[in-house]
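Peer 1: Residue-level listing of the chains:
2 protein chains.
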Amino acid sequence: MVVVGSVAYDGVETPHGKVDRMLGGAATYIALSASYFTQPKIVAVVGEDFAAEDYELLQRRGIDLAGLERVPGKTFFWAGVYSADMNDRATLTTELNVFADFNPKLPPSFKECPYLFLGNIQPELQRGVRAQMNGTLRLVGGDTMNYWIGDFREDLLKTIAQWDFLLINDSEARMLSGEHNLRKAADKILDMGPHTLVIKRGEYGAILWRRDWHFMAPGYLLEDVFDPTGAGDCFAGGFMGYLAGQGIDLKSGGADQNELRRAVIFGSVMGSYCCEKFGVERFRTLTRAEIDQRYGEFRQFTAF
Amino acid sequence: MVVVGSVAYDGVETPHGKVDRMLGGAATYIALSASYFTQPKIVAVVGEDFAAEDYELLQRRGIDLAGLERVPGKTFFWAGVYSADMNDRATLTTELNVFADFNPKLPPSFKECPYLFLGNIQPELQRGVRAQMNGTLRLVGGDTMNYWIGDFREDLLKTIAQWDFLLINDSEARMLSGEHNLRKAADKILDMGPHTLVIKRGEYGAILWRRDWHFMAPGYLLEDVFDPTGAGDCFAGGFMGYLAGQGIDLKSGGADQNELRRAVIFGSVMGSYCCEKFGVERFRTLTRAEIDQRYGEFRQFTAF
Chain A
1 MVVVGSVAYD GVETPHGKVD RMLGGAATYI ALSASYFTQP KIVAVVGEDF AAEDYELLQR
61 RGIDLAGLER VPGKTFFWAG VYSADMNDRA TLTTELNVFA DFNPKLPPSF KECPYLFLGN
121 IQPELQRGVR AQMNGTLRLV GGDTMNYWIG DFREDLLKTI AQWDFLLIND SEARMLSGEH
181 NLRKAADKIL DMGPHTLVIK RGEYGAILWR RDWHFMAPGY LLEDVFDPTG AGDCFAGGFM
241 GYLAGQGIDL KSGGADQNEL RRAVIFGSVM GSYCCEKFGV ERFRTLTRAE IDQRYGEFRQ
301 FTAF
Chain B
1 MVVVGSVAYD GVETPHGKVD RMLGGAATYI ALSASYFTQP KIVAVVGEDF AAEDYELLQR
61 RGIDLAGLER VPGKTFFWAG VYSADMNDRA TLTTELNVFA DFNPKLPPSF KECPYLFLGN
121 IQPELQRGVR AQMNGTLRLV GGDTMNYWIG DFREDLLKTI AQWDFLLIND SEARMLSGEH
181 NLRKAADKIL DMGPHTLVIK RGEYGAILWR RDWHFMAPGY LLEDVFDPTG AGDCFAGGFM
241 GYLAGQGIDL KSGGADQNEL RRAVIFGSVM GSYCCEKFGV ERFRTLTRAE IDQRYGEFRQ
301 FTAF
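Note that the protein sequences, when read in sequence, are chains A and B.
Its first residue numbered 1, the first sequence is counted upward by one per residue in our numbering.
Its first residue numbered 1, the second sequence is counted upward by one per residue in our numbering.
It is worth saying that the hints were derived from the structure and are not from the lab.
Some hints here could point you the wrong way.
Since copy identity is lost for identical chains, a pair holds within one copy or between any two.
[What the hints assert, rightly or not] Here are the simulated EDC-like pairs of lysine to aspartate or glutamate, each with C-alpha atoms no more than 20 Å apart in a straight line:
1. K158 x D256
2. K105 x D187
3. K184 x E297
4. K184 x D85
Only chain A is shown next, with the shape it has when bound in the complex (with noise of 0.2 Å):
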């Protein structure tokens, strides 16, 4: 699978600690969670100060560099603050740096890949890769965000057309329904052109969407969330990394209802564990075997 994004340093505050510099950024998190069931391709751009053990990291989950562009100039950096129980977080700098200048160039060799996850940048951008992509596509889908909602409207209602699925938080989806009951957002987001739609809900866990049913996902009741930077972006590597790896075709009409079930709930499982240490630390340890003795527990949590 194709992932398109930032890859970025950040700088995190929670109330378990404080981190100056990190590898972040969506597209690392993305792939890195999507790692354990596929071989993600990153598309993303990175500045002079990427560091070789970024690097190294990223080539050790087997994640495909070739379309990780360095140019002269300093790597896309953010920092924050979390609330004391981490349901709030406060933007402390945003520097994008070298990600300003960011225009998607996918290699050759990843044109014909079948599976496309667009991170959060500008609607048109996102257009734009989805228009390099030359083989068949099984699923397209992505993320966005408030920002492109209020000020990039009908770009972003253009791209998300295109889309197969739509992954967002609650808030956004509120936002770009005009709708607070969510029964009533999913309805108005599925006629704007996706047919899945994944509204993540934090700590409650996420719904999954199609137009005549839904599922829903509780959160995983972690005794210690350490740094929830990332977790989104994990749910979403673990949901389209699972259908990813499994070859799923949501076009040719036979979708497996349970295989968009279990990708859910992969998707809860890997932002689970990136909570558990600061920025992405957990994916040096973390096993296949993990993730799937978690996935048995929220079995074990949810059956009746």
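Please arrange chain B on chain A, whose structure you already have, making use of the hints.
Peer 2: Only chain B this time, still in chain A's reference frame:
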């Protein structure tokens, strides 16, 4: 099952409308909800203003009113207004009236009942009711609120030490345990006596905790929430009513995990129906078939 608590009149304003005076009170909602699974017996007090039509509604649902004392004075009255998203409410009026001197006395015919639910009243009174039971209690538990947790803590701890289960919302669980994290909060509360804890999370569902496992139920997604008043009490009524109806004996060690899980789902179903109309209105038409149909929906949108 015996239900002790308030029978009241409520004034409620939500974004969907306003009712100046309607039947309410925790014991009312608990008993109406439980009446679909077992025969509830109410222990409560009302004033001379308690209307014949309200007696009739309770009687039509088969509720035993031998313990519904009628005394000189006016019935407990509460009025409140909900926020636009209905996640918060402000109390406008609380007139305790005859409820101020409520000292629950069980009719002889109630004392050997094996199931006792103690609604949210003074912990000392809850203990007094427990002491009046002289049969073999299979299951005793109940509810409390922030006021008793904050100002009557020692009294409350003595009370719940005698209970099999405690049923409270997430903010109350955090206050009672002094832990923000729900796993840690649950561990501490299970150390206080009850072997079973249910934490209600409003629209996000509920979690049942036992020492070695937990079960998470999502909240049902309604298209329209007309009035959330009583939803938590209807959850309690469905939960306890189902266990009583099934004749579950948690004490004997033969506690069937699956029955507890099903009880949480029936509680969730009853809470969701409660919100569909103002006050107790939905219970005028609700059928057991509708309850079973929604139970099936819960299975559909949680199975994977």
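Peer 1: Which numbered hints are broken by the structure, listed smallest first?
Peer 2: Of the numbered hints given earlier, those the structure breaks are 1 and 2, listed in rising order.
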